[in-house]
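A.B. asks: Residue numbers (UniProt numbering): 1 to 127.
The set of hints was computed from the structure by calculation and includes no laboratory data. Worth double-checking, as some hints may not be accurate.
[Unchecked claim] Cβ-Cβ distance ranges computed for the label pairs, FRET-style:
id : residue 1 : residue 2 : range
1  : D12       : K82       : 28 to 36 Å
2  : K98       : P47       : 18 to 26 Å
3  : D58       : R104      : 37 to 45 Å
4  : R15       : K84       : 17 to 25 Å
5  : Y32       : K82       : 17 to 25 Å
6  : D12       : P47       : 32 to 40 Å
7  : V94       : K31       : 18 to 26 Å
8  : E25       : K82       : 29 to 37 Å
[What the hints assert, rightly or not] Calculated lysine-lysine pairs in the DSSO-like style (CA-CA distance at most 27 Å, straight line):
id : residue 1 : residue 2
9  : K84       : K98
10 : K2        : K84
11 : K2        : K27
12 : K31       : K82
13 : K82       : K98
14 : K2        : K82
15 : K2        : K31
16 : K91       : K2
17 : K98       : K2
Idealized CB from N, CA, C, for every residue including glycine.
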Amino acid sequence: MKIEHVGLFVRDLERTVEFYETFFEAKSSEKYHNPVTTFSSRFLTFPDGARLEVCTRDDLNKHHEQGYPLGYMHLAMSLGSKEKVDELSEKITVAGYKHLSGPRTTGDGYYESVVCDPEGNQIELTV
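Based on the provided sequences and hints, a complete structural model is requested.
C.D. replies: So, in structure tokens, the structure goes:
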């Protein structure tokens with residue numbers, strides 16, 4: 001198991017991307033935008049291969065279980081297969097932790113399920 005990427009919600013997507021490109025040698029992906037949800041993101045890849053997903057949407061708020069806060073959004077864990085995503089999602093849900101969405105394939109091609117840790121921090125389980 002490994003951390004696949006960390007997500008960060010921001011108000012100004014392009015300014016944030018430019019900051020990480022300028023000061024941390026990040027390389028930016030093409031912008032993904034979903035016009036229905038207003039969600040937009042770019043993946044930043046750092047020289048060592050670590051990735052940060054910088055995201056924004058019109059309805060950002062401060063309560064992370066009921067919306068989309070500024071700051072770190074989720075920790076994504078790459079599990080290796082859709083079956084492992086399904087299995088771990090079920091285990092976490094049965095154990096009584098919050099299950100927010102999925103498993104599903106997102107508009108940008110990720111197979112994911114989103115659950116919460118005991119503090120309510122979002123964890124994206126992905127292939």
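A.B. asks: So the hint says 37 to 45 Å: do the beta-carbon atoms of D58 and R104 match that?
C.D. replies: Distance hint for D58, R104 is violated at roughly 22 Å.
A.B. asks: Does K82 lie within 27 Å of K31 when you go C-alpha to C-alpha?
C.D. replies: It holds: about 25 Å lies between the C-alpha atoms, which stays within 27 Å.
A.B. asks: Holds or violated: K2 with K31, Cα cutoff 27 Å?
C.D. replies: Given pair K2, K31 holds - Cα atoms ~25 Å apart, limit 27 Å.
A.B. asks: Does the alpha-carbon distance linking K2 and K27 stay inside the 27 Å limit?
C.D. replies: This hinted pair holds, its Cα atoms lying about 21 Å apart.
A.B. asks: With a cut-off of 27 Å on the C-alpha distance, tell me whether K2 and K82 pass.
C.D. replies: holds (15 Å)
A.B. asks: Looking only at beta-carbon atoms, does the pair E25, K82 fall within the given range of 29 to 37 Å?
C.D. replies: Roughly 33 Å apart at Cβ, these two residues keep to the hinted range, so it holds.
A.B. asks: Taking only the CA atoms, is the gap from K82 to K98 under or equal to 27 Å?
C.D. replies: holds (20 Å)
A.B. asks: Does the alpha-carbon distance linking K98 and K2 stay inside the 27 Å limit?
C.D. replies: Satisfied, since the Cα-Cα distance of roughly 22 Å is no more than 27 Å.
A.B. asks: What's the verdict on K84 and K98, does the C-alpha distance respect the 27 Å limit or exceed it?
C.D. replies: Within the cut-off at roughly 18 Å; holds.
A.B. asks: Is the gap between the beta carbons of V94 and K31 within 18 to 26 Å?
C.D. replies: violated (37 Å)
A.B. asks: Regarding the pair K91 and K2, is the alpha-carbon distance no greater than 27 Å?
C.D. replies: Since the Cα atoms of K91 and K2 sit roughly 18 Å apart, the hinted pair holds (cutoff 27 Å).
A.B. asks: Between Y32 and K82, does the C-beta distance stay in 17 to 25 Å?
C.D. replies: Holds, at about 21 Å.
The structure does not agree with the numbered hints 2, 3, 4, 6, 7 stated previously, though it agrees with the rest.
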